[in-house]
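Enquirer: Below are the chains, spelled out letter by letter.
2 protein chains.
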Amino acid sequence: MKYGIAVFPEKKVQDIANSYRKRYDPHYSLIPPHITLKQAFEMDDDQLSRAIVHLDQVAQQTSPFEARFTKVSTFHPTNNVIFLSIADPAPFKSLHEKINQGCLQHEESYDFIPHLTIGQSLSDDELHDVYGSLRMSTFDLSTRVDCFHLLYQLENGSWTIYQSFLLNQDQVQE
Amino acid sequence: MKYGIAVFPEKKVQDIANSYRKRYDPHYSLIPPHITLKQAFEMDDDQLSRAIVHLDQVAQQTSPFEARFTKVSTFHPTNNVIFLSIADPAPFKSLHEKINQGCLQHEESYDFIPHLTIGQSLSDDELHDVYGSLRMSTFDLSTRVDCFHLLYQLENGSWTIYQSFLLNQDQVQE
Chain A
9 MKYGIAVFPE
19 KKVQDIANSY
29 RKRYDPHYSL
39 IPPHITLKQA
49 FEMDDDQLSR
59 AIVHLDQVAQ
69 QTSPFEARFT
79 KVSTFHPTNN
89 VIFLSIADPA
99 PFKSLHEKIN
109 QGCLQHEESY
119 DFIPHLTIGQ
129 SLSDDELHDV
139 YGSLRMSTFD
149 LSTRVDCFHL
159 LYQLENGSWT
169 IYQSFLLNQD
179 QVQE
Chain B
9 MKYGIAVFPE
19 KKVQDIANSY
29 RKRYDPHYSL
39 IPPHITLKQA
49 FEMDDDQLSR
59 AIVHLDQVAQ
69 QTSPFEARFT
79 KVSTFHPTNN
89 VIFLSIADPA
99 PFKSLHEKIN
109 QGCLQHEESY
119 DFIPHLTIGQ
129 SLSDDELHDV
139 YGSLRMSTFD
149 LSTRVDCFHL
159 LYQLENGSWT
169 IYQSFLLNQD
179 QVQE
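Protein chains in written order, with this note's numbering: chain A, 9 to 182; chain B, 9 to 182.
One thing to keep in mind: the hints can contain errors.
Claimed, not checked - From the structure, some residues in chain A lie toward chain B, with a derived Cβ separation under 8 Å:
#1 M9
#2 F16
#3 Q22
#4 D23
#5 N26
#6 S37
#7 C155
#8 L162
#9 E163
#10 S166
#11 T168
Just so you know, the hints here were simulated from the structure itself, not pulled from any lab data. Glycine included, C-beta positions come from ideal geometry on N, C-alpha and C.
Input sequences plus hints: build the corresponding full structure.
Expert: As structure tokens, then:
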């Protein structure tokens, strides 16, 4: 079964992201707006049990944090994704590194750059049109990140929550 | 903000439910297949904090259970919903009653009948066609219920997870 790990931002951020995703992201109806912490990977039931213990430990070792989104960026020419970039990626990078260890360690082909996708699978022309108009916009959005979610994928491509992991309010900020 | 509380069954049950929902349920892309524990209701941030404490307590007091789905049923003529009915509704009814108390107590206009919707908003003719063909089918599906989820609704009508609540493995079965 295919699993993934992600953060869902607060409603106000999701609503704004969806106003773009509706037009520019073919995954619009498959998953809510999210920041991926770990790309889709396969696990069987034994691996799942171990992963949950691991993710519980990661959550215990991590304090909640704020994420701010101030501008639109793109991964072009690597791929034609447009996203809200995160002002301070450090807490996401730290969380990603803690998750991607032990039983959940997988080789990664790209550096981890946390982002909130608002458009993907665009043609080069579309990308330049959309990014050209959005790059001048400024955003001032923020969300509190106090949990992350283990999700699994259904046959139709959509994602369902398996379990959420609450970050530790009492953990001293790193 | 609008919240709801639901259980998501295991993948195999969701995939089968979606094979019908795709054709017969206009909410197909708004939320994965689910068993509602509490219909949509409004909460502000203060109420949310209290609700989370309450839901944590409910989860602590409830042991995981199995749910079996063996046949298709309908709420017609009350409404034109078709659903997989639950062989033993008692654990869901108990959980619903525990949730719908204290800060989450709301007046309800209908008896709570746990169900997994596979079709809704059908015309009378559609309902009779679909239900007529499905009522003869037998199902033998089961899922373990070891958590429930607090969800919130976005502007586009879709639902996002807010937090999941794990049932208590060490709780003595009622």
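Enquirer: Holds or violated: is the Cβ of T168 of chain A closer than 8 Å to a Cβ in chain B?
Expert: holds (4 Å)
Enquirer: Does S166 of chain A pass the interface check with chain B, least Cβ-Cβ distance below 8 Å?
Expert: Holds - the Cβ of S166 of chain A comes within 8 Å of chain B, reaching about 6 Å at its closest.
Enquirer: C155 of chain A was flagged as interface toward chain B. Is the shortest Cβ-Cβ separation under 8 Å?
Expert: holds (6 Å)
Enquirer: Taking the least C-beta to C-beta distance, is F16 of chain A closer than 8 Å to chain B?
Expert: Result: holds, 5 Å to nearest chain B Cβ.
Enquirer: With a cut-off of 8 Å on the beta carbons, see whether L162 of chain A makes it to chain B.
Expert: holds (5 Å)
Enquirer: For the hint on S37 of chain A, just tell me whether its beta-carbon gets within less than 8 Å of chain B.
Expert: holds (4 Å)
Enquirer: Quick one, is the Q22 of chain A hint okay against chain B at 8 Å, beta carbons?
Expert: Since chain B brings a Cβ to about 5 Å from Q22 of chain A, closer than 8 Å, the hint holds.
Enquirer: With 8 Å as the cut and Cβ atoms as the points, is D23 of chain A at the interface with chain B?
Expert: Since the shortest Cβ distance to chain B is 4 Å, the answer is holds.
Enquirer: Given E163 of chain A as an interface hint, is its Cβ closer than 8 Å to any Cβ of chain B?
Expert: Holds: closest Cβ of chain B sits about 4 Å from E163 of chain A, inside 8 Å.
Enquirer: Can we keep the N26 of chain A interface hint, with Cβ of chain B closer than 8 Å?
Expert: Where the cut-off is 8 Å and the nearest Cβ of chain B is about 5 Å from N26 of chain A, the hint holds.
Enquirer: Classify the hint on M9 of chain A as holds or violated, based on whether any CB of chain B lies nearer than 8 Å to its CB.
Expert: holds (6 Å)
Going through the hint list in order, the structure satisfies each hint without exception.
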